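4 protein chains.
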Amino acid sequence: MKKLTTNEITEALKNLSGWALKDDMIEKTFTFGDFKEAFATMTHIAFECEKQNHHPNWENVYNSLTIKLSTHDADGVTQKDVDLAKSIDEIVG
Amino acid sequence: MKKLTTNEITEALKNLSGWALKDDMIEKTFTFGDFKEAFATMTHIAFECEKQNHHPNWENVYNSLTIKLSTHDADGVTQKDVDLAKSIDEIVG
Amino acid sequence: MKKLTTNEITEALKNLSGWALKDDMIEKTFTFGDFKEAFATMTHIAFECEKQNHHPNWENVYNSLTIKLSTHDADGVTQKDVDLAKSIDEIVG
Amino acid sequence: MKKLTTNEITEALKNLSGWALKDDMIEKTFTFGDFKEAFATMTHIAFECEKQNHHPNWENVYNSLTIKLSTHDADGVTQKDVDLAKSIDEIVG
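Residue numbers (this note's numbering), protein chains in the order written: chain A, 1 to 93; chain B, 94 to 186; chain C, 187 to 279; chain D, 280 to 372.
Everything labelled a hint here was simulated from the structure, so no lab data went into it. Because the structure is a prediction, the values reported are computed rather than measured. Keep in mind that the hints are not guaranteed to be accurate.
[Claimed, not checked] Over the 10 Å line for every Cβ pair with chain D, so calculated as not near, a few chain A residues:
# : residue
1 : Lys-3
2 : Thr-5
3 : Asn-7
4 : Ala-20
5 : Glu-50
6 : Glu-59
7 : Val-61
8 : Val-92
[Unchecked claim] Simulated restraints on C-beta separations:
#  : chain 1 : residue 1 : chain 2 : residue 2 : range
9  : D       : Asp-302   : A       : Thr-29    : 49 to 55 Å
10 : B       : Ser-180   : D       : Glu-316   : 28 to 34 Å
11 : A       : Asp-75    : D       : Asn-342   : 38 to 44 Å
12 : C       : Lys-189   : A       : Thr-29    : 45 to 51 Å
13 : B       : Thr-103   : D       : Thr-310   : 39 to 45 Å
14 : A       : Asp-24    : D       : Lys-293   : 35 to 41 Å
15 : C       : Thr-192   : A       : Ser-17    : 51 to 57 Å
16 : C       : Ser-250   : A       : Asp-34    : 34 to 40 Å
17 : B       : Ser-180   : A       : Glu-90    : 38 to 44 Å
[Claimed, not checked] Using 27 Å as the maximum straight-line C-alpha spacing, the simulated DSSO-like pairs for lysine-lysine come out as follows:
#  : chain 1 : residue 1 : chain 2 : residue 2
18 : D       : Lys-359   : A       : Lys-22
19 : D       : Lys-281   : D       : Lys-307
20 : B       : Lys-173   : D       : Lys-365
21 : D       : Lys-359   : D       : Lys-307
22 : D       : Lys-301   : A       : Lys-68
23 : B       : Lys-144   : D       : Lys-365
24 : D       : Lys-301   : B       : Lys-144
25 : D       : Lys-330   : B       : Lys-161
26 : A       : Lys-28    : D       : Lys-301
27 : A       : Lys-51    : C       : Lys-272
28 : C       : Lys-208   : A       : Lys-51
Glycine residues also receive a C-beta, built at the ideal position from the N, C-alpha and C atoms.
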């Protein structure tokens, strides 16, 4: 899968909410009510990642979750990352 | 913890939605969009059960989840079951 | 997928451990150290079910987990159930 | 809870395996067979964190999990972190 250009990523992010390009990854931080809600949502996202066979770099501390997406093989952001970001937003709702 | 009488249970269920008394348990069936959503919600409920140190008899098939609550030590339904039912309804939302 | 005959199921179960044919399903009960261990293992199994696109009828109470497998479309046990049973045994270890 | 001195942390880490002091946190990286196994183990750890009411800064990418422990209120590593590290090692086994 081909790495997207910065322009292409900027365009793609217009259709998402709260995602930003940073260090060759697209990144977003979510805040939940508590750890229980954060981890249950992570579980939901984890199933979707397995389904899409694409996995995030994600970091959790209590009710905060930061997700960073890039495609290792392409050494940058691809359409797969944009698709997963969209799925994650749908899950978090 | 004291077992509630049938009258007490009936009164308590008036403050909940969709729970019914059956075979000395209070029971409710939830339907989700798919298995992923069902299991993620189960994860959220599982944390709450651990917190309340009270665990359900629950049965899942794909997007369907049936939860049955009773208190083993009391050989029937107690306030702990009513409280957990309320927490579950808040989680499922 | 074709429903297996009782003889075929009996043969298949010889290669598994602890699974029994009951009510047109193959069934096994697992016991864990506590609820936390039971639910974490359920999470692992849940991912495998999604991967195989085949889901169990499973019932949990605290540290006990009973899994019943059948194939709805075939109205009985198929090779998909035998395969999932084998995967579950590998996960539980 | 009182922040441990570097000497006290060094002593405590002798009873653990693979944990190192870094940036005022104790840190360890685990590698699992795949994402499914990593996330199922995270679920088990998550329950333990809730039980101890102490939560890690943890980061996952596919089969890799890095856990960093410190106590926010103490602005450093406390006995709570050492205890949680020990519990995590017991869970991962």
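_Under the constraints set out in the numbered hints, which ones does this structure not fulfil?_
5, 6, 7, 9, 11, 13, 16, 17, 18, 20, 24 and 28
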